[in-house]
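S.K.: Modelling step: build the complete structure from the supplied sequences, incorporating the hints.
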Amino acid sequence: MIGAIAEKEFRDYLTSRRFLIIFGFLLTTLVLSLLQTKLGIESWGSPGSEMPKVYDIMWGLSFYLGFIGAIFALSLGFDAITREYEERTLKVLMGHPVFRDQVILGKFLGGAMAIGLAVTVTALISTGMLLWIGITIDDYTRLVTYFLLVYIYLMVFFTMAVAFSAHSKNSGNALMYSLVVFLALMTILTPLGSIIAHELAGPQPKMSDELKALQEKMSMGNATMEDYNKYRILMEEYHNETEKWYKKYSEINDYFQALSPEYEFTKISQYVLNPYVGSDSSTVVYYPDHNEEQKKYSLLKSISFVKKELIALLAYLLVWFVVAYLGFVRAEIR
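At the far end of the sequence shown sits residue 1473, using the working numbering, and the numbering has no gaps.
No lab work stands behind these hints: they were computed from the structure.
Just so you know, not all the hints are guaranteed correct.
Unchecked claim - Keeping only pairs whose Cα atoms sit at most 25 Å apart, straight-line, the calculated SDA-like set for lysine to any residue is:
#	residue 1	residue 2
1	1386	1329
2	1440	1390
3	1383	1334
4	1446	1394
5	1446	1287
6	1383	1336
7	1387	1442
8	1351	1372
9	1345	1330
10	1434	1278
These figures come from a predicted structure and were not determined experimentally.
M.R.: Spelled out as structure tokens, the structure:
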């Protein structure tokens, strides 16, 4: 019975105008972004210059997948349950020898299949359009891992929307709740986390008056050897204090930002896509780069750097699934 319900849901998703429009918009955005990148490189790149890396290009696409992709997932799930109430089909369905847990599991499976198909199509198109820069085996494995991550990320928002659908009286309310939580996670947590981290970390260290005076004295060219030695000691102390403050600030900010699936997705993507990002990257690097002297990590090693973030993303998925499941099996059929 679960398979029959999942098949029906999957078929309904693929034939719905909502699925086709939003997914089409997402694909169009990604294709145009890739074409723009290619044309820009061909126009401005000098002959013989090094081709861009896969992670340089995919990093720019992560924003569209993270934002538009999440909206796409929300659009699939916000009326998964309420639509059955509004169309009066749930009572008919429950009149058959079927359990409630089979219904909700079938709906989840159908949605998971639809999102899986969407991610697969996106991955194939994106990979095909990246062939012009030359893709290595390591690039392929990282791209496959990255799109598996995209799938998990989209499923988080799908299950969140289904959870609100299971606890709402109508689709309008479910959509409103889903969008409010989505926007809060995407826009409010980042500045709020930064403000709280600044407050808890305390004032940022500043240069002492003595250090400033030594800098001015050195710039004027009348500093003694003793001044240079003292400047070196004071500057080292200042750097150590600043580094200690920034580490404390980053740890607090990271703990707060961990409440956002988008932040976890962005951080994991950074490590999965870029083999040159190591464990010392405590915060998200928005413009990843490398030089020849940097160490290159294997995919498994890169994933090991973000085990905590990956577990947090999976925990989000599990929590929203449990909320949706309990909400439906305990709901009054009306």
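S.K.: All hints are to be evaluated individually against the structure, with a verdict given for each.
M.R.: How the hints compare with the structure:
1. 1386 / 1329: 17 Å, holds
2. 1440 / 1390: The given pair, whose Cα atoms are some 22 Å apart, holds under the 25 Å limit.
3. 1383 / 1334: 18 Å, holds
4. 1446 / 1394: 14 Å, holds
5. 1446 / 1287: Roughly 15 Å between the alpha carbons, so the hint for residue 1446 and residue 1287 holds.
6. 1383 / 1336: Satisfied, since the Cα-Cα distance of roughly 14 Å is no more than 25 Å.
7. 1387 / 1442: Holds - the C-alpha atoms of residue 1442 and residue 1387 are around 24 Å apart, at most 25 Å.
8. 1351 / 1372: 13 Å, holds
9. 1345 / 1330: 23 Å, holds
10. 1434 / 1278: It holds: about 16 Å lies between the C-alpha atoms, which stays within 25 Å.
The structure agrees with every numbered hint stated previously.
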